Structure formats: structure tokens, C-alpha cells
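A.B. asks: Residue-level listing of the chains:
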Amino acid sequence: MLGEGIIKGMAETARNFLGSYVSDERLTTVQYPEERSPQIENARQFPFLVFDGNDPMAGLRCVACQICEKECPPKCIYIVKSKDKKPDYKGQLQLYPATFDIDLSVCMSCQICVEVCPFESIKMDTEYELSTADRFGGLLVNKHRLAKSNDHYRKIHPKDAADSDAALAMEVAKTQAKARAAAEAEAKAAAEAKAKTTAAQPAPQSP
Amino acid sequence: MINGLDQIFVTLKYWLVGQLANVLPASLLPLVSVLLSLVPILVVFPALFAITTVLERKGLGRIQNRYGPNRVGPFGFLQFAADGIKAIIKEDVVPRAADKVIHFLAPVVLVVPAFLVYSVLPVGRNMVAMDIDAGLLFFFAVGAASELAVFMAGWSSRNKYSLLGAMRAVAQMVSYEIPLILSTVTVVMIVGSLSTVDIVAKQSGYHAIGLPNWFVFTPWGFAGFILFLISANAEANRSPFDMPEGESEIIAGYFIEYSGFKFALFFLAEYLGLFAVSGLAITLFLGGWHAPLAALEFIPSWVWFFAKLLGLIGLFIWTRGTLPRLRVDQLMNFAWKFMLPMALINLLAAACWHLIGAGATRWIVCTLLVVGFYVLLGRGLMAGKKLAKRVYRYAN
Amino acid sequence: MGITFTIIAGLTIAAAVAAMTLRNLIHCALAVAVTFAGLAAAYLQLDAQFVGFAQILVYIGAVSILIVFAVLLTRGGEPSQEKVFSAASVTGIGVTLAVLGVLTWAITKSAVIQRDLPPQPEATVKQIGDALMTKYVLPLEVIGLLLTAALIGAVIIAMRDDVAADVRRRNKNSPGASVAENPPPHVGGYNN
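Residue numbers (the numbering used here), protein chains in the order written: chain A, 1 to 207; chain B, 1 to 396; chain C, 1 to 192.
Same shape as in the complex, but just chain A:
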């Protein structure tokens, strides 16, 4: 009948109006500066560098391989390799970045740098309140601002951090296994060499 649709529509809005006072799903507004809505686990904003342990610069996982710099589509990463080496998470000596700058005003959060990094050292952060009044250099962040601990990574992306830790642990295990195998092979070779030299030289005769 004519007018039925209008009545149904008015009933729906009345339900919305009254329901907004009692239920949360009919009033989903978050009062922004005082409250913030929680972000989902896959949220991403801008990259950051992961470090293990307590010292940001000593524990930095990045080895300045410059793969992320080359793969970055808008070329917002700038890396300068160091001259010396420092030990990484496996104990081996690696280069480290003397300068690692990201221009956040250029970065488009495509996550390609994260996908190509072989060392699990650059990940996406979830912080979005980065406004600054300086429009020429205010969004150019260096490695000291970019370095955040692995605990922070575990807090913002628990599943990804667990995967990353597992991958690194496997690397460590592999290295240790290789080292042990190398050590064993060396020991066996040394033992064989020693046996050979003992056999090659018969027992000395003493006059």
C-alpha cells in the first residue's frame, strides 16, 4: 500500500535513535583524542628497525645489505654502510648501517621492504600520530628513531613476531648445527691426520 515503505523506514530510524542510547553497536563513535579505537593485528603504518636485547645500536638486526633501499618503489630509504663490523644475533661479524633514513612523507606503506628483507630486521609499525609542524625535515626519521625493540614488535604483531622469532631461532640452530658438524669434521680430520702421521713415521729406534 502507498506509504508502507515510509512507515517502515521511520520505524527503522526510530529503532536506531533509541538503540543508540542503549547498545554499542548502534553508536560506534570513538571520542578521538580521549579514546582510540584498537587496531587490528594486520594494521600497518610506517616501517621501523628491530633490535634484540637492550642496546638499540648493538642489537640492531639490520646488516646494511641495501636490498630494501633498492626495492623501495618511491625510494624513500637511504642507507650508508659502516666501515667496521659488529656481531649479529648469531655471533658472526656483520656490517651495520651507519645511516638509515626513511622519509615518511614519501613512504607509501607498501611493505615491500619488509617482504624482501632476509634478516627480519625491518617491520611495519602501527603508530599514526606522527604530525609535525616542520614540513621540510620533520618527517625524515633516522635510525635512532627507527630502532624499536623486539618486545615492541611482539606486542604490536604477536603472530608475525612469533614467526620471525621462530625463523631466527631456526637460523641460529642451523648455524650451530653447521658449526658442530664442521667442528666434528675437523676433529675427525685432525684425528685421521694424526693417525696418518703416526702411521707414516714408525716407532723411532733408540740406539
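Since the hints were made in silico from the structure, they are not lab data.
You may find that some hints are simply not true.
Unchecked claim - Not everything, but these chain B residues come out facing chain A in the computed CB check (under 8 angstroms):
| hint | residue |
| --- | --- |
| 1 | ARG66 |
| 2 | VAL375 |
| 3 | GLY378 |
Remember, it's a predicted structure, so these values are computed and weren't measured experimentally.
We put the beta carbon where it would ideally sit given N, CA and C, even for glycine.
With chain A fixed as given, assemble chains B and C onto it according to the hints.
C.D. replies: Below, chains B and C alone, put in the same frame as chain A:
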């Protein structure tokens, strides 16, 4: 009950006039008396306008699953002060090619009739500013004068969109004036007088079952009330009839080129017009300042009037939040093909009501007449249209 | 006759003069609307409430808008650059003054002015309605017919060509008419 709180404003006015009679010469007293009647109108209705803007924004917000403004003042209720200050201190931009005199006069010519019409609305018992014999005619005459101001505003801006919006607005207002006036003619027929005070007085008393004697509880009165409300919505250019000023359609229609205080005046005139037709609807159909139940008569009459006014304003806000905007041809078709025939049938039903004496027959006859024609018209007008859910050939 | 009447009369005459002399046609139309308002004020001052309010409702609410729309849809645009008073205006003013003189002489010498003022008639709405329905019902119906004819004429003049052809085709209803002569109706579409 009857006196005391109910007549507090009337006694206050007479006391004031009495006090001033000792101070002022006798020739000025009529002027003072008139001013004392008018100043409350000039104070109360703009205050109501201010509250309504906030209530509307918050109401629409809740309908749309969000808060309204809630930062300025407690729960955002001082938002109108912020808006007012903004409107006053904004720069008044007048386009270089605009017709300056008419551009300046248009808001004035719009606001003055908007205030004038309040003088015939009975706000409470003995509380009407002017008891004219042809009060209803005065209301419509002055209301019609505001259409010229809309045209002046649109034309003087020398802007295509402005002129287009003004033409559409005038066409809409003229088309919806006819069902508006025809639905009030039914009330005039039954009451036999054009005076608003008489119309309210005729709706006093209660039926046997406790229902008040208001005209909205009769078949022709109910139909007339609905027709009147729809036409009032259209006259006030409010959604779903706000094609002339729709933001997404024609930017702001006839008041594109107005900024600052003149824009606030247009806004004020629109809302004042809305309050005025709501007040008239209350006077004609909802029994004016009468209480709905005999037991509630101790509440003062002006409280009832404003309660009903707020109820109608809430209804308008609710409608605005629900219905999408009508296209201009849908709007005109609705006025001329549906509202006008329904208004004429309503007139016939009211005549039957009056000629058939009191009793059950007239209820049955008039209800059948009104409802029957409503259904027939609805079926007839919707027959040729394909209004089923759209089916796509490839997208499915 | 009191200061109110002087003010109202002055306003009306000033608006009428402005309507004649203003350059911009829309300004003239708005000045005519002010003239109508002045007339309505004069009626109200004479206590003829119904006529006064009907004047506002009909003239300012409808006729002024009609005039303005007519000006817009036919001329519109820039005000003309010609002079407001042409060379023949002197003759015109002379003739006007002569007519005014003759009318004034006729009115002052007539019998109507010499009589005493009759008592003020009751002009309530009820009496006007009664008179319209009993004594003047025939003129009322004739005016209704006239307005209907005007309305139908306006609709026919404003009709779109294809719709008009459609109406003509349906009215002709002749089996021998060819398709070329009667094009099928244009379905839907607002761009012609």
C-alpha cells in the same frame, strides 16, 4: 489551575502596563502594550530556533549512529552560540556582478514575514498577539509574500545555480501552497470562522470516551493533518523536499552567494517558517493549547502548546533523517497528482461530515471516502511504474 | 485624512513612479510588488480585512511572481541601454494631465460625492462568503470557467512537441494515417 500559572504572562503584561502608566503619557500606552506583546515573540522563537539547531544535529546524529556536536557546552548544547558567533564575524562577501540593493534586501524581506505570522498564533489561553477576524488568511497571505524574497535572493546573485535553485524553490512553494490551503479550508468549513482563536475554542471539550475534541481525531482531520504536514515540510524547504537547497545537488541553491550574517538570516527564516506552520498545524488540528486528557488540565496552556510544538519539530527531524531527497519532477508530480486530489476529496469528506448529523454514520462514510480514495489513488499512480528490485543482466 | 493614509499613498505613488522609470526590468517588477503592498495597506486601513489580505495573497504571492517569471523567461539579462524617457514623453505627460483633470472634474461634480457618507458596511468574511454564494454565484462560476480556460491554454502552449503530437495522434484516431505522419511517442528521457 485556570488562573495563576496559566495566565502568568498575561497578568505580568498588564501589571507592567499599569506600572508604566504612572510614568509615561497616556498616548504612548497602546504602543507600549503592543510592544510588550511582540517582544516575547521576538525573544522566544529565535531562542527556540537556537535550541532546535542543536537538537536537530544531535537527533540526526543519533539516527545516523553517531554523536551530534558534543564539545561546546554540556553535551554540546551551546553549539548554537558558537555558530552564531561564527556567522556574525564572518566576512560578508557580495559578488561583484550582484545587484547590490536586492542582494541586501532579500534576507530582510524573507525574515520580516517569517516573524509577522506569529502574531496570529494563540500560544496559550488569552495569549495571542493579534486577534484578527481573518487571522488564517493573514497567515497565508504573509507566508506567500516570502516567495518573492526567495526569488530576489536567487536572481540578485547573478549565478546560474542560484537562479535555478530559486526557480525550483518558487515552483515548489507555489505548488505545495495549494494542498496546504485546501487542507485548512476543511477546518474553516467546520468551524465557520477564519479566526485562529475561534478555531482553538471549537476544539475544547472531550468526547465520551475521553478523547479530546481535536480535529485530528476525525477522518477528514487526520487526512488533513497528514496533508498539511507534508505541505508544510515542502513549504519550509526541508528534506525530503529540500531540492532547492540540497548540498549535493545544487550546492546551496538560492543562497549560495550569501555568507556570514545574511546566511544566518536565511537559516533563521527557514526555521521560523517551520515553527510557524507547525504552530498553525497545532492550532488547526491538534487543539491549540488544550490538554489531551481532562486530568492533565492543571498544566498551563502555554506548556501544552510548546510541548506539541516540540513534538512536531521532533517529527520533522525524524522525517529528515529517514527519507531521501525527492527529485524535482517527483516532487511536482507528488503535489499535483496526489496531494491536490486528496485535498479535494478531504474537502468532500469534511462537507459530508458536516451535513450528516452527529452519530456513527458520518464516521463510517467519511473514513470510507478518505481511505478508499487514498488506496485508489495510490494504486492508480503506481500502476505504470516498474518499482521492483533492479535485476542486472551481466553483473549477476 | 490622517498621517497613515498620507504615508501609504505616498509609498504607493512613489513605487508606481519607480516602476515606470527604473531601468532594470526586474527592479520595475519589484516596484510593482511594492505598489500592490501599498494598495493592500490602504485596504487594511479602511478595515476591509478580507480584501486586504486577499490582495497580498493573490497579487504579491502569485501575480508578482508571474510577472517576474515572464520577464525572466522572455527578456532577462542586461538592462536596456535606451533612454528611459523618449522624445514623445512630453506629449504623453500632457495627455495624462488632461485625463487627470477631466476625471477630477467629473468626480467632484458627480452625485456620489454630494451625498452623505453611508454607514460603514459590514464586510466580515462570513458576509462576503454568503454574498458570493447567493447573490454573486453566477459571476463566480463564470470567473472559474475563465480561469480553467486560461489554465488549459497555458498547458497546451507549454506542452512539449512530441507530447503534443502524441495527443493529436490519439485525438485524430484515423486508421488511414501513415506512420511517418504520426511518429511513435518518445519514451522517457528529459533531453529532447
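A.B. asks: Does B/ARG66 meet its interface restraint, that is, does its C-beta lie within less than 8 angstroms of any C-beta in chain A?
C.D. replies: With a minimum Cβ separation of about 5 angstroms from chain A (threshold 8 angstroms), the hint on B/ARG66 holds.
A.B. asks: With chain A as the partner, please determine if B/GLY378 meets the hint condition of a C-beta pair closer than 8 angstroms.
C.D. replies: holds, 3 angstroms
A.B. asks: Do the numbers back the hint for B/VAL375, that is, is its least Cβ distance to chain A under 8 angstroms?
C.D. replies: holds, 7 angstroms
In summary, this structure violates none of the numbered hints.
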